[in-house]
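Trainee: If you read the protein sequences in the order shown, they are chains A and B. Read left to right, the first sequence gives residues -1 to 564 (the working numbering). Read left to right, the second sequence gives residues 35 to 344 (the working numbering).
A couple of the hints might just be wrong.
[What the hints assert, rightly or not] Over the 12 Å line for every Cβ pair with chain A, so calculated as not near, a few chain B residues:
1. 74
2. 92
3. 93
4. 100
5. 207
6. 243
[Said to hold, decoys possible] Sample of chain A residues facing chain B (criterion: CB under 8 Å; computed from the structure):
7. 24
8. 303
9. 387
10. 392
11. 516
[To be verified] Stretch-level coverage of chain A by chain B, calculated; a stretch enters the list once three of its residues show a Cβ under 8 Å from a Cβ in chain B:
12. 274 to 284
13. 479 to 488
Rather than coming from a laboratory, the hints here were simulated on the basis of the structure. For glycine and all other residues, C-beta sits at the position ideal for the given N, C-alpha and C.
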Amino acid sequence: MATGESQQRWHGEDSDVNHLRGRAFEATCLAATAFALVAVLVLLLFVANDAFRPFSADVGWLATYVVTVLVPLAALAVYYYRLDDPAGEVAYVTSGLPVVGLLITGGFAVLFLELLSVFEWFALTLSLAVAGGVVVAHGRVRPNAALERLAVVVLAPVATVFGLPPSEFNWLVTDAASALGLDFGLYYRLSSLRELVLWLPYIPTEWIMLLLSVTVPVAGAAGWFVGERRNDRRDGLVVVGLTLLAAALGLVVGPLLGVGVLGWILLVTFALLPLGVYVEGVVRRGEGTSGLAFPVVAVLGVLAGALVVRYAGFAAPDPWLDWGFLTSVHSRTAADAGIYPAMVGSVMMLIVIVLSTFPVGVGAAIYLEEYAPSSGWGGRFVTLVEINIGNLAGVPSVVYGLLGLALFIRILTWPQGSVIVAGLAVGLLILPIVIISAQEAVRSVPDSFRQASYGMGATRWQTIRQVVLPEAMPGILTGTILALGRAIGETAPLLMIGAAASVRLAPNGFFDTSSMMPRQIYSWSSELEPAFRHGVLAAGVITLLAVLLVMNATAIVIRNRYQRQG
Amino acid sequence: MSTETPGPDITSRPRGRAARERMYRYVLLLCASLSILVTLSIVVLLARDAVTFFTIVDPLAFFGGTEFQINRDQFGLLPLLSGTLIVTVISAAIALPTGVAAAVYLSEYASDRARSILKPGLEILAGIPTVVYGIFALVYVTPFLRAIGIPVNTFNILSASILVGIMIIPMVSSLSEDAMSSVPDSLRQAGYGVGATKYEVTKGIVVPAAASGIFSSFILALSRAIGETMIVVVAAGSRAQMLNLSEPLQNVYEGFQPMTAAMVQINSADSVSQIGFTSMFAIGLTLFAVTFLLNLASNRIAARYREEYE
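Chain B on its own, in the form it takes in the complex (with noise of 0.2 Å):
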């Protein structure tokens, strides 16, 4: 055995490989928890300085105060919810059904090459800078909206909620589309088999196998949607105000203040208070919340929809 001359030994590691590998693996392991750590960061520095806002603000006060107005430091978050309730409504009316109409035609009536292009041209859609549609919605759709008789205001939650609808129809419609492209042909050809039509096939069976894709898709846009900024920022005027309910139709036309543009108009006043700078987390404690719920809501309605057919 020792007589052996060491010829070149092809299986032994070289020293310190393991070791890097192991370190390796560590290095990424730590790229992969940084998300965890965001997501930690971001709750407990929002938390913290949200405590500090209830130590001052009853909780109470602050979740049914119909009053919002830094400079009177008084932070009721309804009005709030009203204007973010009044774009999500509107948006959602305007993209739930023109969504799902896209992703049904997308994926059971469209040919190769529509689809080749119209695919594509609402991933543009959904790149679109939102501060560009806000922009849309300011300059050009409120003077369209009076022009064609509707008397909206300056800053109006009308355009700003149709500017949001649009943005996130792709959104629907990409998802849903994936959703109605997962049901399997089996399904179809049976429906053809007992001597359906096409439009009876979609309507009675891609639109009902795929529900819970579309479904978790529409929770995913309403989430955005409550989540949008810049578009009710730029378009929809900083007044926090409480719907009207006795006179609903003129809520659209008036300027109302949602949560994410309270939130910006806060941190741009030129001198607001420690406590109003604070509310701004609470604010933005709540709306993380609400999203990241939808998103969780979302994604586990999505995962069951994918047991199904895989």
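If we strip away everything but chain A, and leave its shape as in the complex, we get (with noise of 0.2 Å):
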């Protein structure tokens, strides 16, 4: 208007800037992403405190250790952030390996111990083999038959593994073929190739079968691995060679150690052999190196510990989570009380969900990626499906639980709180996850690569396979082993379906009536004594966080070392 001297009116410019009120609302905004960490972190200590008992020990004996393992491991970790940080992986890598193998270790140990014998393992995995010879073989005589072989695919390991025709579908062949007026004389199933090793008069010894079955695959997949990322066949060799080899010392090793052949052979292919294959790596690419002092000093510590604890006469402390906790039964006296059946039951759950999740997860991600239409019909039901998905993963889970009580107890009536109804309703609670972490990961395949696959003729499903899942691998992985640690923490569903409050024998089958760990912690949590609620209780949460931590460090680690690369 007229006024042309009237005032524009700046910030700030009727007195000076206010400093304090920004500090104040920055400290503020710091506080409250403080607060959910503190509070969380210090009832955890608290936890810890009752699941340890740190301070039932002497003083002496803290102190020591202290001494001998806190100092200097805090030490190289201030060493590493300030100054090395490759090495600071390295170190972070080389303690955790250990960790996950001897895990995956156990996870065999419990297998062997309470599901199948090493003879029957051996017979699965041999037979599996054979039906993998034969798809490739027929891979190699027909390689245009697309159709056959996928009937191959299914049905060869169906026969090696199961027989022809299964019993339970004996019916469908015989009765349906002879109503037709065919007679294909199978009026016996025949007998699969794994029934066939159970017949065998002789069986090899179980350290032999455990080594063909176990270590050769693991070691020849490594072998191959490495010969890959090297372009030198020989190496790869070396690996498995070597692998076989300290495999076969633990005839020797494995009983003076106390952990007996198998578990020496376990411990090899599981927790050395990707130790061995890391080192060897890191040594060869000379950086980082100095983080291969983090677990030799972590190592020494412990040792120069354990002599000093025992020369000074220091007692050791009484914590509830104990070797004791982890493989006794359910008690009703809280000092006898362990998680080991528990343990079990969530790990064959473990199973079910990533059997049955994995699978489907992935193919939805793919299909609403790759091949989605994105107009018509078509595309209104990928709409459709996508804004489901998300409203899915937003479902409370005690619906979920609700939904397996009703589809796998109520109408298929399968066993109530058996493990494979409580892999599959978790399993459906965390599909929605899956879906979307996997749909993450192919999304972020540069189209590049798929253009340049299409360039050379390849077809859609060539592409996807050879060039977008192995690039998408890592992201999958990471998402899919993030989701696991959320199945092995949901209780709610397992409540719905009826899970055991407690189990003195841990599952035999995925049709028998099991425990999970959180729904043995909450059996725990009603109990009223305080040497429950203070002590096995306190107990039962480190575990279940311990689990998860090392799942969730896997899947970090995982992602870092892909995100670099790619």
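Using the supplied hints, reconstruct the complex from the two chains, each of which is provided in its own coordinate frame.
Mentor: Written out as structure tokens, the structure reads:
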């Protein structure tokens, strides 16, 4: 208007800029960020204190281990953090790999103790290997018979593992055929290769079977991986040879160390082999080698501490969470209570979840990212599916429990609280999470990769299998492991499908009623006795959280390694 | 034409390949459709028993009843809704301001190094199983509340709600931070250009610009709090009672039974009548409908804000 001199008002013109308000705001926001973290950390410290009871030890015991283990490790950690970042990662991985390896070893040990004998495992892997061989052979002989191969891919494992036709479906073939006036002569089911092996009059010694069915495939895969990575077949063969040699050493070393031959073979396969390959790679690259000092210092520190403690006669603490807790069954008295059957139940539930959810989730993600039409009716359907998946991810877990109860127990009449029902109910619960994270992984594969593949004449499926999936696999794995972490802690669905409050025997099959770790923890939480409330319960919580921590750390390592390369 | 010797024909497709391609497509489509099937089966299976329930119990008596006692075949939803309401309100009062403030800090103030520690930290919080939060509430927070002079019962809704609040903070903060980070930098620069301080830019520009994203994170968090089961089952007790409106503060000291906890209790009760059993599905269907609508609303709002800046 006419007021040419009218004051334009500027921020901060009337006074000095008020820094105080901004500072206070920033501090408030920081405090809010820290609030949840600090609160949970404090609670965790309380739980850990209850579980480990460090103050039941002599002061000398604590001081000894602080000096021999904590101080050197803390010094190293500060050094890595400030001066040598790659070494920090090396230290992280070299300390973590044995832990993960030990967990897998433990998983296999539980498998052989509870589910099936080494011999049955051997028969199973052998028949699967033969089925794989048949598929490969078919691909060589008739490379163009795609549909036929599909039938072979499905039927070969069924034939070798279950027999032809499986007893439950015998009527399907014979009765249906006779109704049509055909006669296949299949009145008696053909035995599977697995059963044939089990009938063998002569069976090899257990350690040979374990070597053949566990170590050889794993070492073979590692050897192939190393060979591919370095373009050098010989390196791969060296890996295989050394692994087998180390495993065979178990004949002597295993009994000496008290883990037995079988234990040693598993340890070599799952802990020593990956650690060896990783350490060799670090040394060869010469990057961050000082990180290798971390686990060495840790082990030496523990040994030195143990020596001092024994020599000085300091009393160790009496924790709730100890070997006995991990290996014993539930008991009414707090001192004897353990989590072993529940752990087995959780592991078996995870197996069901992985087998059922992973293929479906990845398949759905591939469809939505690679095939989905973007327009027309198909496009509308896809939009509906995507919205629906987003919504399913927010459905309360207790509703999935209700679904499991209604579908699997009341309609399919599967046994209440069985491992398979628990696995499928929780599997449905994490399915949307798996799909969403797999979608992100598939989406992040650059389009140029696909164009290059199409340019060479590959079909869409070939592109997906050879280019997109391998490229997206680390992301998919990361997402899946995180989702499995969610699955292992879910409790509400377990309550709804009636998982056992506590069982004295670990489940022997997937249709057995079982308890799972969170279910067991929940039933401990309703015990009123202080020894349960502040002892057993805390130990259970720490066990569950430790498993989760290892899973999350593994996922993060995978993500970091491949993000950097990509 | 016929005299040419047929060379390797690289253009022809081997027989069956097209069919196989089609089949993979259909198998994958099947996987994707499974999610629809899951939703449908939730609705159908829950509705099946809920309908049985509603043929016996009048829906009005269910949605308007003030008494919930399965032993006496009293199925009023209002006491359970009271429990759910208290949990939602208290946890929202904790989580919404804290979550947004955390999001502001992470998105606007934090150095890269601080963010690299705080963000994964919050992600880990989101990964802790809820039964563990429940145990925190029952074994550690309730005695703590008593020690500082708050007269709570052994099972009380207050400590459960506090832990539900802490549990949903990461959800609010991470979604809100995404919304704030996607506010274009040009808007901030414009703010600085007219002489605004960082505080003024944050409060006056970033937060309003990200409002719809923040709001959508609120709704999602509320939906989580409504559906949260294990924390309330472990720590909030099993007394289904109405809100005491004459002494509002008294409510939080006592045990309540939200909808989720009631379902668990019905399912684990030793002897429960057929009708009591089906009431579980009626409650479940109500819960599903409420959370589903909230999630849908949240997605709608989030989708709208995405359009604004991309």
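Trainee: If a hint holds in the structure, say so; if it doesn't, say that too.
Mentor: Cross-check of the supplied hints:
no.	hint	result
1	74	10 Å, violated
2	92	23 Å, holds
3	93	19 Å, holds
4	100	23 Å, holds
5	207	7 Å, violated
6	243	17 Å, holds
7	24	5 Å, holds
8	303	29 Å, violated
9	387	5 Å, holds
10	392	4 Å, holds
11	516	5 Å, holds
12	274 to 284	violated (count 0)
13	479 to 488	holds (count 6)
The structure shown violates the earlier hints numbered 1, 5, 8, 12.
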